[in-house]
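Visitor: Here is what each chain is made of, one letter per residue.
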Amino acid sequence: MKNIFAKTLVVLVTFSLSSCFDLEKIDPNHLNEDTFWQAQEQLRSGAYACYDVLQDYWGDEACRITGLTDEGTNEWPNSSVYNEFRFLSEDYGTYADNWTKMYQMIGRAYQVIERAPGIEGPDVAAITAEARFFVALGYYNLQLLFGDHVALVEGIQSPADKPLRAEEGQIYKIMERELKLAIPELPLASEYTEGEYGLVSKGAAQALLGKVYMQQHKYTEAEAELNKVINSGEYSLNVDYAINFDGTEFVNPEAILIANFVFFGTEGTKANDDSRRPKFNSLKEVLGTYGDIQASNFILESFQTENNKDGNPDPRLDETIFHENSSKTYYGKNWNYWIDGVQNPEITTMYYKYSDQKSVNANGGKIKALTTGTDFIIIRYADVLLLYAEALNQNDKTNDAYAYVDMVRERANMNPLSTVMPGLSKSDFHEQLKHERLVELASELVRFDDLKRWGDYGPKSAVHDPNFLTFTVGKDEVLPIPQRELNLNSNLIQNPNY
Amino acid sequence: MTLNKEEMKRLHRLFSIIVLMFLGLSPLFAQTVITGTVTDENKEPLSGATVIIKGTTQGTFTDAFGNYSIAVTEQDAILSFSFIGYISLDETVGRRTQINVSLLLDLESLEEVVVVGYGTQRKSDLTGSVSAVNVEDLDRSTSTNLTDRLQGQVAGVSVVTSGQPGGTGDIKIRGTSFFGGNNPLYVVDGVLTDDSPNLNPYDIESVQILKDASSSAIYGSRAANGVVVITTKKGKSGNPVVNAIAQVGLQRIPGRIDVTDNYEFARINNVAHDNSGIPRMSKADVDFDPDVNTDWQEEVFNKQALMQDFNLSVSSGSQKYNAYISLNNTYTEGTIQGSLFDRIGARVNTDFTPWKRLIIGQNLSVSRSRISGLSKQYSGTIATYTVSNLPIIPVYDPYKTSGYGYGDVEAAYTFVPNPVAQQDLMKSMDRETQILSNVYLDLEILDGLKYHFSVGVNSNFNQSKAYNPRFLIRMGGSDIQSRLFQERGESSTISLENRLTYTKTFGDHEISAMVTHAEQEINGAYQETETLDGHLKEPYFWEISASSASSQSKGGQFSSAIRSYLGRFTYKFKDRYLLTAILRRDGSSKFASENRWGTFPSVSAGWNIAKEDFFTLDAISDLKIRAGYGVVGNSSIGDYAYQSLVRSGVADGVNYNMGPEGALVIGTTRGALSNRDISWETLRETNLGLDLRLFEGQLEFNADYYMGNLEGLLVAVPVPGTIGPADATTVTVNAVNMTRNGWETSLTYRRVIGDFSFSVTTNAFHTNNEITYLPFGVDEFPGTNSTSRLGLPLGQLFLVEYLGIYTSQDQINMDGVTITGKVPVIGDARYRDVNGRDEDGNLTGEPDGNINFDDDRQIWGNPIPKMQYGLNFEVSWKGFDLYGFFQGVTKRDVYNSYYYELNASHITNYSIDYDPYIDGVGTDPRPVYGDVANNFPSTRFVENGAYLRLKNLQIGYSIPFEKFTKLRVYLSAQNLFTITKYRGVDPEFEGGVFNPGIDRMNYPQVRMLSAGVNLTL
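Respectively, the protein sequence lines represent chains A and B. Here the first sequence stands for residues 1 to 498, numbered as in the working numbering. Here the second sequence stands for residues 499 to 1515, numbered as in the working numbering.
Where hints are given, some of them may not hold.
[Claimed, not checked] Using 20 Å as the maximum straight-line C-alpha spacing, the simulated EDC-like pairs for lysine to aspartate or glutamate come out as follows:
no.: 1; chain 1: A; residue 1: Lys25; chain 2: B; residue 2: Glu1017
no.: 2; chain 1: B; residue 1: Lys731; chain 2: B; residue 2: Asp635
no.: 3; chain 1: B; residue 1: Lys1364; chain 2: B; residue 2: Glu1268
no.: 4; chain 1: B; residue 1: Lys1461; chain 2: B; residue 2: Asp538
no.: 5; chain 1: A; residue 1: Lys25; chain 2: B; residue 2: Glu988
no.: 6; chain 1: A; residue 1: Lys25; chain 2: B; residue 2: Glu1092
no.: 7; chain 1: A; residue 1: Lys25; chain 2: B; residue 2: Glu1019
no.: 8; chain 1: A; residue 1: Lys162; chain 2: B; residue 2: Asp1175
no.: 9; chain 1: A; residue 1: Lys25; chain 2: B; residue 2: Asp1175
no.: 10; chain 1: B; residue 1: Lys1052; chain 2: A; residue 2: Asp27
no.: 11; chain 1: A; residue 1: Lys475; chain 2: A; residue 2: Glu431
no.: 12; chain 1: A; residue 1: Lys25; chain 2: B; residue 2: Asp1137
no.: 13; chain 1: B; residue 1: Lys541; chain 2: B; residue 2: Asp1253
no.: 14; chain 1: A; residue 1: Lys218; chain 2: A; residue 2: Glu285
no.: 15; chain 1: A; residue 1: Lys358; chain 2: B; residue 2: Glu1159
no.: 16; chain 1: A; residue 1: Lys475; chain 2: B; residue 2: Glu1337
no.: 17; chain 1: B; residue 1: Lys1320; chain 2: B; residue 2: Asp1352
Rather than coming from a laboratory, the hints here were simulated on the basis of the structure. This structure is a prediction, so every number in the text was calculated from the model and none was measured.
Okay, chain B solo, but in the shape it has when bound (with noise of 0.2 Å):
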């Protein structure tokens, strides 16, 4: 936790206070009476600052509003201003009678503390790769989920935000390393959850990322995706202090893919009908209507959707009791039509001190969140279709039972389904309450030794439904069944904790100790049902009990446990030598018995250099050198993956039927293969850093370099038929290793200069990976356009090499290739020939002059980003201030799906430059109606992916109002631009883990602008 400046002044209240009793202060006589304002670099007022007459034992402190009144008796007497965390100010009284002065923060002074997980380091005794997170820039965000929030901000981590309602970003910290996820732990007040907890992000007092194995040791197990520390707020002593932050934006999907118009659809269609001696597509021929020119985007993209977020706070205490209480409601509409995302939330924090060894206290928090509207199943596929649907269908067709134009076989082939009647009809609604909550007591036995005790229940209940009418809203096949399913979910998670810690200082020498137990058991059950085609007239009750058809059921509950003992111990020489050690145990019920308990130590060591007495250099106010080891690990499996089970049962069993009649009898065989060996994953990593502060503070630089060793990766093999279960192809099994490095660093460069004051965090990083153990002789993992081979990073893209198209005879006649068997014509694809086959049938690896997508496909570029960047910047004047965020990626190489599926086939619309070789014109393969050779999966559809996206700006004013603490007012952006060469809607996406450079054309990024109000009474 990093002290802040309220809690700073509270400090400082007590301390002038004991100052001045010490001081054994006697009435002032008063000659002349000076009095002024204390305030600090952003003028406001420091209340309980301390003023005294040098060489005297003569002072006062400021009241609550930094005024001061002091009387002296000579003119050169010289007032000292001074305020802890700040540097102390001299100022010759002379013939003045008012003296107002602004202290300027001392960023040497503050001892920053930091939560590191089971008790706080202060951050100059870090030895591994924490980041504290500026809780202030993540307020500037208009997200309303943490996740999003991060993004940017750390180096080593990134998030890609997501643009649907209610949607959680992605993060991955320090890059893809398992293949069953790579969210990282959450740890909310001391509870660890695995998912991003659906927090209200402005009851955030601090947000703490272990991202080395040497830090995130001491959640062992948990903790290879790296650890994301959050403490919320807490009372604080001190009148109640009010604050209400309102915003209210308009958001929209900036991005689009400019496709042709009915017009020049119709003209490079019916040439690739033509070339292929298909009959055209009537629509856009004969029965050509210049009036149907339907702008899918514009039908679907193009709403303007509410966001409003409104958040109270009160916050109160005095010595014995403190109190936080928080209200917040979120309310998002989809920018795709029909979707709506609503939270309501409440916090309670409290904690009192019964006694003064003793303090117990509690968090609560309950949220019910609703995500409702358009189907979470179509929301994904949305984009694409309404990319791709053609322009010669209108958007509403009488002659449709539905109502809704789609293709039609002779007239307008295409498979897609109108996005339009999607958005009407598929609905879906998921309703979440969630309860996190914990109780804690701190004792301090005896001087040194403290006993922390913690119980935490976290509850999730959530309820789903999806349904649909009886439609048809696509080309081809039968109505789809209309549908209602239903799901309700539950789980528990409670949480244990029993710590000692105890702290001594000796000499130059100052140690500590912490010993913890924990343990963690999550409870659960879900039960589903469907019923098909049981809602066939309006009006449609959308209820179990008013379908006329019989419904299935399903449900199942679920259980698991973990048990850990753990340790830390820090050493610290004369506040130059820095030692950790960490050792935890973890055991898991999701592992067999023999498997089941994990040893994860770590070791870290610092040195910082500024404070050894040889190092004179005035210029760096602090340099350290880190170097840290350590082994964590990771479980992405299912609660009971290691148990063989049986397939028993009426439904999809393995049956048999007897006698003349056939009467059904059950049979049983052992069901899905397991693997009783399957263990934890592990990641051994070394990690290397340097801390850097110069010129008192104004410069911060801070970097990072790891290397590590990712083993046992849990992956499904394949497994010889030969094993005999039913339908088992695969079995679980640590059996991949991989490498992991990167680097990160971050620089902050801040300044003030009377009363402008600006500051710039920029962070820049980098991750890598190599495959360097596959299991059984494989030596790659296959996916669709890209692969995961051995020595290669995970999912490199796969693919023929395009070389443009044929324009002359000669150039045919050079290359003498057969594609796919045919020799190709002037204006065909022309791609190069790599690979191919001899009479057995085996690879040889040298051109064999027919090309074809299966053997001539190569590795082809890199996905993985060279390095991924932010930049904060803030600049303040008097009251006014702004506000900006950058985020990017450099170049990476990323096939663009939208083109593909856009350009590679004529049952889709095309991108409007796409210029196809239509006589003796254009630079794309000639078109041909159902042709593969001239639209393989090629470079031709590789794009850098680099993107620089504005994705916050902000410009606020300080009103000053006396009655207000604060009263800010602001207008803010968010994503208002992007540089990009990238044509696909959006090039902040994510890929997947095998396959991270393929666009998955998922709900694209929204812009938003929004106005907010921030008050604090």
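Isolated chain A (complex conformation) (with noise of 0.2 Å):
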């Protein structure tokens, strides 16, 4: 008897004494980031979570851009935030959503390249191409709205890290870098096939480079690269402009660069995947619009001072702007519904462009959803042309610009500018390019851009757009940087004058 028990006993310990439960545990429910990085198809989907930024920002918080500029003011000149000069720093919710969703793009993207060394396969190069790309576009974004001193992300961050604080410059020298690295190896966009269309193409990384030597007004450098995006022969113009707008799904020809947004129906329930920027553009707060920008008048006075090739207004009118005498019906109502009752009555138009009027029920006003799945075109061959155009009169070869400012015009049926204006000074040919720019390109994004590489963002635009009466030089120039991100890095030190 006893024997049986110090046996059991002796048993019992060995078995008891020897660890049962192992304590490294993973979790059984999600992928683990340590071992999802495996192979090229992993990468892909990564790539493929920085192009869901494309749709967060360009279908939300990018439409406030127009706002910031003169081609877009507001019925409450005194109370927007949306366009009056006194930007809390405490007020995140509104532009500090730029800020964060711009360092979204770029932390996804490090995911891809940080990742990628590790990785065979045969696009591993090419999509490790588009992240930079992305880096380079969330950067010129940052650059763009908040300065030169914004936080210096080179890399997957972690939890602790405080970003230091980016030097004058330092923030231009990462986007030519990681483009410069992106497009030997970005294949051509008629490489991609239909499915794919969408993809960073080489292109679209060398019309943004050329845009970021534009800003620096390296116009040597942007001349040569918007030169070999025009020469590509992958991009040509639309007969018809309004093609561009309208949500007609194509393989665009004149799309360099596009957030591609689908729209699920009102009860769809993939968010984010529509575009909401229909919401913002309307003359007042009514049929679930939010009325929060509009045109300002300067956009309709600048169609106005010229007519077409058969003397009628410009095309681009009425598919830019909802005007008085416009063709157009809003939302299914006319004219007259849209300015009984505004806020400002100074304030008479509104952007007609991306509106998707497809929303609006056949029977007649009421409005199925204001989100839209048409398409955004971040960077139009339209805009490239006019910009390689600039670059050529900047270096003093204004005749050979000529020729793509007429191939923009004679599209909307104007007359080429070489026959109405022949032989401009440079000084002069810079003037018109400005008109230019905004009667093919106005509430696309693009004016914040040209303003300040104009120089000519600041108080002189009051006459454009009143809001401006408020500006103050040496700071409204730049937002301020989100006081949340002040707090939580000290590194970082606030724009001048906030």
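Starting from the two chains in their separate frames, assemble the complex, guided by the hints.
Guide: Listed below in structure tokens is the structure:
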């Protein structure tokens, strides 16, 4: 009897002193970051996460940039956060999102860039190049909005990281570096299949690099880079200007970089796959629209300076804004409906571009949804042509520049500039280009870049938009760095005078 | 474990036999036969008591009924009555032939043994702060769970009970320490569990509470919130003892807030609308119906609810085999209609001794509990809705499609849902089956060297269901979708323990050493399904398959493990100098491998001064001072918190659409931010204690003072947006430090005078904390109406100071302030201007002539009570007994959320004592519909939350009836009365960690009257 117990005891002790349970427990419900990044397939998926920010940002926050310029104004000049030049740094709910979403794009891109070296596959280099493009695109927007001294993020961040404050010009150097690394590896747009339409192409990276040079006034480098886009034979202007904005689903030869939107209907659960842009741009807050940003009168006035070849108004007018004599209706309502009871009688036009009129039911009036599946063109070929003309003019090749302006004008059935204004001086040509860019590109979120590049972003814009009357020089050129970021990262310093 | 009378009687019987055998008892020559009965102080017979003729070897012992008979030869013979644990008594025979004696309990010789975790210690040898709970007092409670029964019983342990059927109160040992939860560790028969176990309280033999770090360090990383050590009943040698307890009670919610009736509501509300120029509610004005005067509290709180609790146990055993079997059934109706709690449970504890050095035993409890009726989701808010709904809205309204009355935009503007409809329509059912079991083996390998092995399995199986039809029962919005939600989960915990203990005494030295290896693993899985608008027609079949809509499912599994090595060493010299040292090492799967292991040491010492030769004060029978220091841990985080996961998937993913058709492509990126460096939260605590017993145990006093530092508290801190991942704005880090200190005292006085005996036990305690470090240069964690600031205790009230109303233009001119930009008029609220902003929008700390809510708030008052206390008293006389239990807290500042809800807006009812300034009369601010300035969350709503409550009053009578060992009937009243100035529904409420002073308007306490019978065969 004793023996049995003694034996049992020995067995039990041996059994129990050897540890039974493993202390290494891996979450069985989710993919683990340490083990996820195995093959090209995962890198591809990581890159898609960067594209997700395109949908998120250009369908929402980006639209507000119109309000920061003289092409957009607001019915509440003294209270709106959209264009009043008293940005409270605490007000991170509005402009802080521009900051965080761009760092989201950069952060997701670095996850691809840093994981790529261990992975082999035919597309790894191209996928990494796409990610590098997104680093550059993120910084391009950050620099534009917040100035040179943003946070310097150059890799995957850990929660304890407090990135340093970028020195002057440092952000541009990163953009140039990343794009130069990306361009040789990226496929041409035509090398993508139709199903891959929307992925970043070599042309997109070249066009962005051209823009980076233009903003730094490096016109020689810009001319060379933009020339590559134009001579690639990859892009052309659509015959119909309107087709760029009306949501017709096709592979658009004029689109160099797009944010692809999909509308799943009013009951759709796939949030942020659609664009919320149409909500922002109405004349007043009705039918579920927000009425945040309207077109400044300067837009209509600019179109009224010149008629087309047939003596009719510029055909781009009705596609750009909804105005008293428009041939269109807006969400099934006529002009009288929209102008009735506006807050500020001085403001009489609103943007029509990219407003998805298909949202309106055929029986008139009832709006199905104020979001849209129309793709937004972030870089359009017409923009590149006009930038190229600007670079040529800056490089004292004004005569060569005419041709590219004319390409854009003629598509819109306007007389060639070389006919109506031949032999302009360099500075006159530059002034004329400002007009050309406005009527071609109004509300396409390039005006902010333009004004800054031209040195025009300041009190003198008040002639176009009275909101600029409160502009403080030395302060309002850039947005304040969100207060939350300053609180959490002592390496950052608030922009001057905030 | 405390040796109770039963065990002592048993021991004594053995002892007596041995003594008598020693004495070599010879047959007695009967000259005079003396007979009699030996009883204890409660007149219960003492079986096995020794009766010896003094100076001789002659003696006998009492039978099962305490009777004896002994022959004496001389009249001056002295009979000596003795019984272990009782004071011996000598009686001269004289001419008597019958001598009945009552022996008094000898408290000094009672060597109480206390379970201290992985072993026991004599109470007199304790060096830490360990409270042995009086289980008899716990059994006086009519609560059906242990946690609620602990309320007010132990110094330093605060419990806020729950009035909800099946609800378990919230327990805190030494106050709020951690942000992720302050539940203590429960140890049931040696098996560790983090949740309050669903035990039948009548199965509990003993409860010990390890409060300070030096004693709880034996549970190391899991002990920082204190430890409740529970031992369940074992079978006892002897004839079967059958015990039956039955009690039946009626409960209802005693708390009410008197609110305005339809006329008074209309009077104030109409003025409020007139003052703001907004048209009146038509039902308060032109469509006023004098017959519609709904007393919502009467409709909802008025239910008499039944409570029944039945318990049956059998205990029996022999030298080889012991068994305890019990069966329990509890049935509690909710005081808010429709809810119901019932539990049926059984327990079998057995042990057998196949060989004298070996004991093999097992504990098994299986219970099935069910909470059904009113949806859990709504039972928390229904009290608020009931108090605040308008009297001008009828309960039932035939003009509404749902048939229930609720607000209308122009007629009776309120968003409050109809609480009667909620209880009728929002349903849920939760069922849980719990198995607690362990098998153990105790082997004495050599004298003094013992081995203990235990395997425990705890399993939980739960399923819950929540469902409601499609309906509309509040103003605004569209119908609430019909919904059926079903969830199933299961989890199993396997625990292993190997323990070696060695004890040795040589000369004046006594040592013991214990080493243990323990492991525990928890595995579980869950699955949930929801279907919306799939049940649209009556009759409803609340099953997923009966849904006409599609359903969505989720599921997952989880696993965690912990491995521990621990040891304890004790040393005692001359019974006076005591030393205990503990070391525990824990490894947890919740932390990354490099942070996985934590070491938790403690050391404590005690000095039994009364045992010193120089100590000659007779009145003091026991005097001990104690000091201890220990380090313990806590980890209030999820199972995989340190692991960085990626976010990928169709639902809520970081996806894109490609190609002209926008085909979905799945993106992947880092998900929620994780921190690989997270590790244990720790408490380092010093405890000083004093134990004193006077007058042979009639008076007992214990006091403890503790001071500790809580370090590396886990908290979600904000991270900069530059970090990248989606929606990740915080990361959990070990970041906050706090101090925690306090004192605890308890005082017991017992007295027996003839047939009359009484005892009073009181305890009082206070605990406080202070934030000493916040991360990243932050000096404050703001909350709603409260804030946690560096250098102050957690969760101070943070409000605008209310100074009454403006009663004259002079006052307005004198203050010269604007309130949210407007100049006040007579009757408006007056506040103190304490802060302002400069041109850059920065706070200056100086008044700026404008009062607004964000800028002018101040830290206001302390929500932590100065003292919490409990008082138990017990009086018995012959068969009657009276027991009372008071519990309360002293002054604390409380924000009355009910009054804010009622009196700060005009879309809810008003309290009856609301006295707004109307036509020059009134003390509360002028009613203005939609006005914010007059109704800031301010000190106007701060009240003194002190209370004293008679939690339990019980009168019992033990019917003398030969056939039963015990037959006691009793009447009991729970929450009979409360003395308080607080005007909320209930001053006994539980605030949050970061807002302890804010009444969260939970399900109120219930008052219960019950009757019971306790029968032992």
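Visitor: Each of the hints needs a verdict: does it hold here or not?
Guide: Evaluation of the provided hints:
no. : hint                  : result
1   : A/Lys25 - B/Glu1017   : 15 Å, holds
2   : B/Lys731 - B/Asp635   : 16 Å, holds
3   : B/Lys1364 - B/Glu1268 : 15 Å, holds
4   : B/Lys1461 - B/Asp538  : 19 Å, holds
5   : A/Lys25 - B/Glu988    : 18 Å, holds
6   : A/Lys25 - B/Glu1092   : 14 Å, holds
7   : A/Lys25 - B/Glu1019   : 11 Å, holds
8   : A/Lys162 - B/Asp1175  : 17 Å, holds
9   : A/Lys25 - B/Asp1175   : 16 Å, holds
10  : B/Lys1052 - A/Asp27   : 16 Å, holds
11  : A/Lys475 - A/Glu431   : 26 Å, violated
12  : A/Lys25 - B/Asp1137   : 8 Å, holds
13  : B/Lys541 - B/Asp1253  : 8 Å, holds
14  : A/Lys218 - A/Glu285   : 43 Å, violated
15  : A/Lys358 - B/Glu1159  : 17 Å, holds
16  : A/Lys475 - B/Glu1337  : 15 Å, holds
17  : B/Lys1320 - B/Asp1352 : 16 Å, holds
This entry does not satisfy hints 11, 14, going by the numbered hints stated previously.
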